[in-house]
Amino acid sequence: MSNVVTITGVKKLYKMGSEIVAALNGVDLKIDSGEFVALMGPSGSGKSTLMNILGCLDRPTEGSYKLLDKEVSRLSDDELAGIRNKTIGFCYQNFNLLSKLTSLENVELPAIYAGFNKTERRKMAMAALEKVSLADRAEHLPSELSGGQRQRVAIARAIAMKPAIILADEPTGNLDTKSTVEILQIFRDLHAGGSTIILVTHEPDVAQSADRQILVKDGKITKDIITASTDERIDII
Amino acid sequence: MLFTELLKMAGLSLVANKLRTILTMLGIIIGVSAVIALVSVGMGVRKNVTDSISRLGSNLLMVMSGSSNRGGVRGGAGSVQTLTYDDAKAIKSKIKDVAYVSPTAQGSYQVVYGHENWSTTVTGVIPEYAAIQSLTMQSGIFFSEHDVDVRSRVAVIGTTVATNLFGSVNPVGKKIRVGNAPYTVIGLIASKGQSSVGQDQDDVVLIPLTTAQERLMGITYVRSINVQVADADKMDEVQANIEKLLRQRHRIRAGADDDFNVRNLTSLMETMNETTTMITLLLGSIAGISLIVGGIGIMNIMMVSVTERTREIGIRKAIGATYNSIMMQFLIESTMISILGGIIGIFLGIGLAQAISKFGNFTTVISGESIIASFGFSLFVGVFFGMLPARKAAKLDPIDALRYE
Ligand SMILES: Nc1ncnc2c1ncn2[C@@H]1O[C@H](COP(=O)(O)OP(=O)(O)O)[C@@H](O)[C@H]1O
Ligand SMILES: [Mg+2]
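Each protein sequence line maps, in turn, to chains A and B.
Quick note on my numbering: the first sequence kicks off at 1 and runs consecutively.
Quick note on my numbering: the second sequence kicks off at 1 and runs consecutively.
Take these hints with a grain of salt, some might be off.
Cross-link-like lysine to aspartate or glutamate pairs, in silico, EDC-like; alpha carbons within 20 Å at most [as the list claims (entries may be wrong)]:
id: 1; chain 1: A; residue 1: Lys217; chain 2: A; residue 2: Glu62
id: 2; chain 1: B; residue 1: Lys8; chain 2: A; residue 2: Glu105
id: 3; chain 1: A; residue 1: Lys100; chain 2: B; residue 2: Glu405
id: 4; chain 1: B; residue 1: Lys392; chain 2: A; residue 2: Glu62
id: 5; chain 1: B; residue 1: Lys395; chain 2: A; residue 2: Glu105
id: 6; chain 1: A; residue 1: Lys100; chain 2: B; residue 2: Glu308
If you're looking for bench data, these hints aren't it; they were derived computationally from the structure.
I would like the entire structure built from these sequences, with the hints used as guidance.
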């Protein structure tokens with residue numbers, strides 16, 4: 001399998017007054033195509049920072065990030081926007097849907113910025129909504145949907161452009177147990193379909209859905225285990 | 001493709017926030033309508049002035065008694081009565097390129113017919129007056145040179161006088177009394193209607209100049225001599241010749257001031273046109289300032305709107321919106337506001353101008369230039385003042401924007 005993500009020696013430093021805080025302090029990480037990875041770690045350990053760099057929302061202060069064999073750590077804002085548009089799908093804890101747009105319109109958005117015409121967009125968006133079993137809610141506004149349904153719309157938006165990786169930052173953090181199970185099942189299904197998924201969570205049960213668990217602590221990867229074939233798991237204290 | 005989508009996005013956002021959109025537009029609406037209405041007032045003043053001068057006739061020189069006011073404080077024009085009918089005759093006979101010469105004497109009199117009476121202006125003229133003023137007769141005739149020579153007691157009256165004295169009866173052949181002497185009405189002038197300054201041009205009684213001077217007013221001078229020059233290019237030459245001739249006739253020594261003055265109505269009109277154009281421009285620019293204020297209003301509201309929609313911007317950027325597409329989205333919003341406000345302002349401005357002319361009894365002239373200029377300026381204002389908020393939106397860091405609550 002080919003590497004989708006290759007991160008070497010990545011640091012993210014923030015200046016806080018006279019002090020320098022290292023949100024990431026030398027991270028090396030390789031993720032293959034089709035992997036389902038859970039990123040774990042205590043609060044403030046650097047998970048979101050790593051996700052932002054993986055998602056091309058941010059650039060590392062030091063180190064290299066190769067996405068699909070292309071160095072992206074030094075690209076311009078607009079080049080990164082283009083990569084986010086075509087190569088990356090995001091899901092957030094708070095869904096981040098546009099409240100005035102229907103499910104379908106929300107899912108269409110990435111394709112609008114990619115310049116697809118209306119018919120193409122509709123087709124792509126409907127296909128994505130069908131994958132999350134929400135085709136019947138296409139014309140609903142987010143406010144008319146349950147939390148689980150909103151997250152499914154967000155997932156549909158993330159997969160609409162058939163991205164190389166799907167990044168989910170605490171996607172079940174705001175959901176009840178039943179919805180959590182549903183959402184995790186969707187990720188399993190996507191994974192079975194060949195998608196590369198990186199999911200941030202601090203809940204071991206959620207991380208269990210993934211095949212590989214990575215522990216981040218103080219801006220470094222301290223543990224990286226394949227859990228698909230073992231009973232091993234990472235518990236965060 | 002993306003552009004039409006951005007247009008749609010901007011439009012939807014304006015529709016979704018109707019009240020805010022309208023309030024933001026208000027400044028532009030007021031600005032554009034103020035420009036159009038005020039400029040129409042200025043242009044109306046200009047038209048009044050132009051009309052009332054050109055109504056006197058084209059290529060006209062006006063000779064008045066009294067010195068012109070160059071050289072310090074003098075009596076106003078007409079305060080020294082030195083012009084005579086003979087001066088007028090001399091101008092006509094001795095100066096080249098003169099088409100018509102029309103001396104006049106004027107006074108206010110009570111005109112009586114039977115039990116009816118009417119106060120009006122009685123003007124003593126010679127037949128050339130009718131030519132310069134292009135008077136046409138509704139019935140009867142204008143008096144002749146002979147009437148002037150023999151000081152006939154005949155009168156030609158306007159329709160206002162006729163209506164007030166005679167009702168619907170044809171006045172021709174009737175006798176009216178002016179200053180206790182009877183005059184035979186020999187002609188009724190076809191109506192000229194109101195002048196642009198609201199003066200009734202039909203409220204006139206015309207009698208032969210000599211009759212007016214000697215039999216009615218008891219004077220030897222004339223109030224003014226209007227000279228129509230045959231050729232527009234000869235105005236200055238004729239003016240100089242008239243001045244020379246009158247100085248000779250009035251025996252004014254070299255170096256002494258004239259006891260008359262000659263005004264060139266064409267150049268007067270040009271000066272007035274310049275002045276009124278200045279006034280119009282001034283009015284327009286004052287109103288234009290309100291457009292700038294309107295633009296600042298757009299900027300303020302758009303700034304607030306960008307802050308409010310920080311999260312939306314973050315989401316759009318996360319899923320691939322570039323700097324330009326965010327910039328365009330907001331710029332289109334502010335431009336749409338100014339275009340829409342501009343269009344509403346145009347209609348409101350035209351309405352205002354019409355209301356002013358209707359209820360204010362004031363001539364207004366709606367000019368296409370003011371509509372185009374104010375609309376163009378409002379468009380510019382929308383783009384210009386939309387720039388800052390749009391850039392603020394486009395520059396937002398997606399991570400910060402997504403974290404914004
Ligand atoms: N923009 C920033 N400026 C300064 N410090 C930051 C910034 N973003 C994150 N950090 C710091 O980096 C560390 C890691 O943050 P984060 O990646 O959000 O952690 P997690 O998502 O694992 O809770 C924290 O100590 C946080 O305070
Ligand atoms: Mg976090």
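Results for each hint:
1. Lys217(A) to Glu62(A): 18 Å, holds
2. Lys8(B) to Glu105(A): Distance of about 12 Å is within 20 Å: holds.
3. Lys100(A) to Glu405(B): Cα-Cα ~17 Å, so holds.
4. Lys392(B) to Glu62(A): 28 Å, violated
5. Lys395(B) to Glu105(A): Violated, because 25 Å separates the two Cα atoms, which is more than 20 Å.
6. Lys100(A) to Glu308(B): 14 Å, holds
Hint compliance for this structure: hints 4, 5 are not met, and every other hint is.
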